[in-house]
Structures are given as C-alpha cells and as structure tokens.
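*Asks:* Please construct the entire structure, taking both the sequences and the accompanying hints into account.
There are 2 protein chains.
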Amino acid sequence: MTEVIPPQSGVAFELKAGQRLTVIDPMGQQVADMVAFNAVDVAEVISSGRTFDYASKIYLSTGDVLYSNRSREMLTIVEDEVGRHDFLLAPCSAEMFRKLYGHTEPHKGCFGNLRDALEPFGVDPDAIPTAFNVFMNVPVNGQTGTLTVEPPLSKAGDSTVFRAEMDVIIGLTACSAGMSNNFKFKPIHYRIDG
Amino acid sequence: MTEVIPPQSGVAFELKAGQRLTVIDPMGQQVADMVAFNAVDVAEVISSGRTFDYASKIYLSTGDVLYSNRSREMLTIVEDEVGRHDFLLAPCSAEMFRKLYGHTEPHKGCFGNLRDALEPFGVDPDAIPTAFNVFMNVPVNGQTGTLTVEPPLSKAGDSTVFRAEMDVIIGLTACSAGMSNNFKFKPIHYRIDG
Numbered sequence: 001m002t003e004v005i006p007p008q009s010g011v012a013f014e015l016k017a018g019q020r021l022t023v024i025d026p027m028g029q030q031v032a033d034m035v036a037f038n039a040v041d042v043a044e045v046i047s048s049g050r051t052f053d054y055a056s057k058i059y060l061s062t063g064d065v066l067y068s069n070r071s072r073e074m075l076t077i078v079e080d081e082v083g084r085h086d087f088l089l090a091p092c093s094a095e096m097f098r099k100l101y102g103h104t105e106p107h108k109g110c111f112g113n114l115r116d117a118l119e120p121f122g123v124d125p126d127a128i129p130t131a132f133n134v135f136m137n138v139p140v141n142g143q144t145g146t147l148t149v150e151p152p153l154s155k156a157g158d159s160t161v162f163r164a165e166m167d168v169i170i171g172l173t174a175c176s177a178g179m180s181n182n183f184k185f186k187p188i189h190y191r192i193d194g
Numbered sequence: 001m002t003e004v005i006p007p008q009s010g011v012a013f014e015l016k017a018g019q020r021l022t023v024i025d026p027m028g029q030q031v032a033d034m035v036a037f038n039a040v041d042v043a044e045v046i047s048s049g050r051t052f053d054y055a056s057k058i059y060l061s062t063g064d065v066l067y068s069n070r071s072r073e074m075l076t077i078v079e080d081e082v083g084r085h086d087f088l089l090a091p092c093s094a095e096m097f098r099k100l101y102g103h104t105e106p107h108k109g110c111f112g113n114l115r116d117a118l119e120p121f122g123v124d125p126d127a128i129p130t131a132f133n134v135f136m137n138v139p140v141n142g143q144t145g146t147l148t149v150e151p152p153l154s155k156a157g158d159s160t161v162f163r164a165e166m167d168v169i170i171g172l173t174a175c176s177a178g179m180s181n182n183f184k185f186k187p188i189h190y191r192i193d194g
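Line by line, the protein sequences give chains A and B. The opening position of the first sequence corresponds to residue 1 in the numbering used here, with each subsequent residue numbered one higher. The opening position of the second sequence corresponds to residue 1 in the numbering used here, with each subsequent residue numbered one higher.
A hint or two may mislead.
The list treats identical chains as interchangeable, and a pair is accepted whether it falls inside one copy or across any two copies.
[As the list claims (entries may be wrong)] Derived DMTMM-like pairs: lysine to aspartate or glutamate, alpha-carbon spacing no greater than 25 Å straight-line:
| no. | residue 1 | residue 2 |
| --- | --- | --- |
| 1 | Lys57 | Glu95 |
| 2 | Lys108 | Glu73 |
| 3 | Lys184 | Glu44 |
| 4 | Lys16 | Glu119 |
| 5 | Lys186 | Glu73 |
| 6 | Lys184 | Glu150 |
| 7 | Lys16 | Glu79 |
| 8 | Lys57 | Glu150 |
| 9 | Lys155 | Asp116 |
| 10 | Lys155 | Asp41 |
| 11 | Lys184 | Asp158 |
| 12 | Lys16 | Glu165 |
| 13 | Lys99 | Glu44 |
| 14 | Lys186 | Glu105 |
| 15 | Lys16 | Glu150 |
| 16 | Lys184 | Asp80 |
| 17 | Lys57 | Glu14 |
| 18 | Lys186 | Glu3 |
| 19 | Lys108 | Glu79 |
| 20 | Lys57 | Asp41 |
| 21 | Lys108 | Asp80 |
| 22 | Lys155 | Asp193 |
| 23 | Lys99 | Asp41 |
It is worth saying that the hints were derived from the structure and are not from the lab.
*Replies:* This is the structure:
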C-alpha cells in the first residue's frame with residue numbers, strides 16, 4: 001500500500017531488517033529528507049562521515065550502504081531510478097530559512113517535521129543527523145569545493161528503494177525548501193514491502 | 001605556551017569565547033581531528049551538514065565559520081597557512097581500521113582518543129560528530145563524487161587559527177590513520193591565546 005506524505009510535512013515509522021522502503025517522487029523534482037535510527041537504541045544513527053569513508057565517494061546509488069555512527073550497516077540502496085542524491089546538507093530548518101532565504105516567519109522545515117515525527121520514538125532533536133536527502137541534487141565543484149542546490153533529476157513516478165540491514169526507525173519528509181525542489185512544494189509517496 | 005599532542009593520541013580542553021586556538025603541524029603532513037561542543041550544553045556540537053549549507057562549499061579556510069547542529073556559530077577560521085582541510089570523513093576508529101586497512105588488532109584511532117579525552121566532559125561517544133579534520137587533504141571528483149585521502153599540504157611549522165564564538169569544549173588529536181598523514185605518525189602542537 002502506498003502512503004502519502006503531504007507537502008512540507010514528515011512521518012516516522014519502523015522498518016524491520018530485510019524490509020524494503022520505496023521512496024517515490026510522484027510529481028517529479030521533489031526531495032525527501034531521510035534519517036534512520038537503530039530501533040532498539042536510537043543513539044545509533046546514520047552517519048554521512050562513516051558512509052563517505054567506507055564508500056570513498058559522496059554520491060551514492062544502487063549497491064551503496066548507509067552506515068551508522070557505530071560503523072554498522074543500516075540501509076542498502078537496492079534500486080535507484082534517479083541516481084543522484086545528497087548526503088552533505090543538514091535538513092532545512094527555521095534557522096536555515098532565516099539565514100539563507102531571509103524569511104522572517106520561517107516554516108519549521110524538514111528539521112521541524114523530523115523532530116515532531118521522531119519525538120514519540122525518543123529521539124532528541126539535537127541528535128537528528130545530516131539526512132540522506134533522497135533525490136536532492138547538489139553538485140560539487142571538485143576544484144573549488146563550492147556546491148549548488150539544483151532541481152532534482154527525478155521525473156514523475158521515479159523511485160529509489162532501500163533495504164533495512166537492521167531494525168530501524170525511519171524519519172522521512174516531503175521537503176520544505178524551495179531551492180531543493182525547484183520552488184514547488186509537492187508530496188512524497190512511500191511503500192514498505194517484505 | 002605551546003602544548004604537545006603525542007603521536008596517535010588526543011586531548012580535550014575548554015576554549016572561551018574570543019580565545020584563539022592555533023593548531024600547528026610541527027613536522028608537516030600530519031592531520032588533527034577537531035570536534036567542538038557547547039561548553040554549557042554538550043548536546044550542541046559542530047555540524048558538517050549545517051556548515052556546508054551556510055558556506056555553500058565543502059572546503060573551508062580563512063573567514064569561514066563552523067556552525068553547530070543548532071545553526072549557531074561555534075568557531076571561525078581566522079588564519080590559515082595551509083588552506084585545505086576535510087569536513088567529510090568521520091574520525092578514524094578501530095572499526096574503520098578493520099574495514100579499510102584490514103587490521104586485525106586495530107588502534108583505537110582518533111575516535112577512541114576523542115572518546116577518552118571527552119569522557120570527563122560528559123560527551124557520549126555516539127554523539128562525537130564528523131570532525132573538522134585540520135590539514136587533512138581529501139580531494140573530491142565533482143563529476144563522479146569519488147574521494148581520495150591524499151598527503152596533507154601542510155609543511156613543517158604550518159598552522160591554522162580558530163577563534164571561539166562561544167565557550168566550547170574542544171577535542172583534538174594527532175591522527176592515527178596512515179592514509180591521512182602519509183604513513184608517518186607525528187605529533188600535533190597547539191596554543192591558546194587570549
């Protein structure tokens with residue numbers, strides 16, 4: 001059964017080891033910020049720093065593993081119709097919208113949505129890590145190190161599939177940052193199989 | 001007064017707002033993993049994800065600010081004789097030495113050294129973030145996203161200076177990973193002024 005995350009909102013749910021999570025971009029050019037915590041000990045969490053080190057790359061796709069801060073496998077990308085995601089940037093937040101967009105009454109952003117959705121699972125907001133930003137397109141200039149946030153490469157209906165390597169709590173959003181989604185707020189769909 | 005961090009070890013200390021920390025590579029081609037926590041609430045910690053977003057780049061040098069997970073300024077790079085540091089990779093650890101180097105009786109690494117040095121300050125090991133790796137040279141291929149760990153650009157006596165923007169607890173190491181320091185374990189020196 002396909003679940004809907006309405007625009008500018010987020011959810012959290014458990015994914016059992018071996019289950020597959022399909023993240024779908026129903027309209028195209030939308031981003032889903034995803035975080036994962038060990039379901040029995042939420043102090044263990046996905047880590048961009050560990051993942052980049054073990055993968056020896058910053059762009060991840062089919063076959064790549066998302067590692068925890070304890071160097072254990074949490075999720076594997078098993079199918080990927082898009083091929084470009086971001087694991088550099090923290091979730092958008094009210095503070096980010098103030099600093100980078102100049103908003104005076106900012107939205108709570110993916111960070112606020114993850115904070116609220118993960119609260120029942122005992123996750124401290126300060127422990128929400130840099131998210132794996134599904135479909136987010138952030139090219140890096142290898143010479144200068146500069147990065148830009150570009151429209152996602154995802155077309156309507158494209159999806160990426162993750163297999164859980166341990167029981168995890170997933171936080172997942174329909175991103176609230178205009179720069180990430182070409183300035184149209186859209187839903188994200190997802191499905192759990194297995 | 002210049003302090004010495006012996007090879008393959010680490011320290012932690014408080015740096016008051018406005019004080020300057022000079023990190024010195026006395027022999028050249030050595031790396032110092034650095035983390036920072038709010039001294040009055042160690043749940044606030046440097047964040048590569050927030051910093052990359054606000055800087056719009058992954059290579060940081062003079063004038064750039066290291067932000068916390070709460071989007072506040074923690075440290076500013078005020079002088080930099082080297083100009084290339086890494087903020088992508090998590091500290092080397094026993095698990096990393098097993099996975100990437102094939103060591104069967106691995107060193108505890110910068111992670112173990114930071115864990116031990118920060119324990120008296122009440123820092124949970126799981127909360128040690130991706131470090132700002134002073135002098136570490138990790139070029140990224142912007143097309144493929146692949147990264148390599150290369151010898152540091154630092155020459156004997158080179159230094160980088162950080163100004164504290166709030167009272168912080170600093171964790172600092174002389175890196176234990178051969179690939180980071182051209183396979184020679186060397187000390188790191190540091191000095192606090194102000």
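*Asks:* Compare the structure with each hint and give your call.
*Replies:* Outcome of the hint check:
1. Only between protomers do Lys57 and Glu95 lie at most 25 Å apart by alpha-carbon distance; the minimum there is 19 Å, versus 29 Å within a single protomer.
2. In this assembly of identical chains, Lys108 and Glu73 lie within 25 Å of each other by CA distance solely across copies; the values are 20 Å between and 30 Å within a copy.
3. For a Cα distance limit of 25 Å, the shortest separation of Lys184 from Glu44 qualifies neither inside one copy, at 34 Å, nor across copies, at 32 Å.
4. Only within a single protomer do Lys16 and Glu119 lie at most 25 Å apart by alpha-carbon distance; the minimum there is 19 Å, versus 33 Å between protomers.
5. Proximity of Lys186 to Glu73 under the C-alpha cut-off of 25 Å is found in neither arrangement, the shortest distances being 31 Å within a copy and 32 Å between copies.
6. Proximity of Lys184 and Glu150 under a CA criterion of 25 Å is satisfied intra-copy only: 13 Å inside one chain copy versus 41 Å between copies.
7. For a Cα distance limit of 25 Å, the shortest separation of Lys16 from Glu79 inside one copy, 18 Å, qualifies, whereas the shortest one across copies, 49 Å, does not.
8. Taking the shortest Cα distances, Lys57 and Glu150 sit within 25 Å of each other both inside one copy (19 Å) and across copies (14 Å).
9. Taking CA atoms no more than 25 Å apart as the test, Lys155 paired with Asp116 passes in neither setting, with 29 Å inside one copy and 48 Å between copies.
10. In this assembly of identical chains, Lys155 and Asp41 lie within 25 Å of each other by CA distance neither inside one copy nor across copies; the values are 36 Å within and 44 Å between.
11. In this assembly of identical chains, Lys184 and Asp158 lie within 25 Å of each other by CA distance solely inside one copy; the values are 17 Å within and 48 Å between copies.
12. Taking the shortest Cα distances, Lys16 and Glu165 sit within 25 Å of each other inside one copy (8 Å), while across copies they are farther apart (43 Å).
13. For the identical chains of this complex, Lys99 and Glu44 are inter-copy neighbours only, at 19 Å across copies versus 30 Å inside a copy, given an alpha-carbon limit of 25 Å.
14. In this assembly of identical chains, the alpha carbons of Lys186 and Glu105 lie at most 25 Å apart only when taken from the same copy (21 Å versus 50 Å across copies).
15. For a Cα distance limit of 25 Å, the shortest separation of Lys16 from Glu150 qualifies neither inside one copy, at 33 Å, nor across copies, at 39 Å.
16. Proximity of Lys184 and Asp80 under a CA criterion of 25 Å is satisfied intra-copy only: 23 Å inside one chain copy versus 41 Å between copies.
17. Neither within a single protomer nor between protomers do Lys57 and Glu14 lie at most 25 Å apart by alpha-carbon distance, with minima of 28 Å and 34 Å respectively.
18. Taking CA atoms no more than 25 Å apart as the test, Lys186 paired with Glu3 passes inside one copy only; the shortest distance there is 14 Å, against 54 Å between copies.
19. In the homo-oligomer, the alpha carbons of Lys108 and Glu79 never lie at most 25 Å apart, since the shortest distance is 31 Å inside one protomer and 35 Å across protomers.
20. Taking CA atoms no more than 25 Å apart as the test, Lys57 paired with Asp41 passes in neither setting, with 28 Å inside one copy and 33 Å between copies.
21. Taking identical chains as interchangeable, the C-alpha atoms of Lys108 and Asp80 are never at most 25 Å apart, the minima being 29 Å within one chain and 36 Å between chains.
22. Taking identical chains as interchangeable, the C-alpha atoms of Lys155 and Asp193 lie at most 25 Å apart only when both belong to the same chain, with a minimum of 22 Å there against 54 Å between chains.
23. Taking identical chains as interchangeable, the C-alpha atoms of Lys99 and Asp41 lie at most 25 Å apart only when they sit on different chains, with a minimum of 23 Å there against 33 Å within one chain.
When held up to the earlier numbered hints, the structure conflicts with 3, 5, 9, 10, 15, 17, 19, 20, 21 and fits the remainder.
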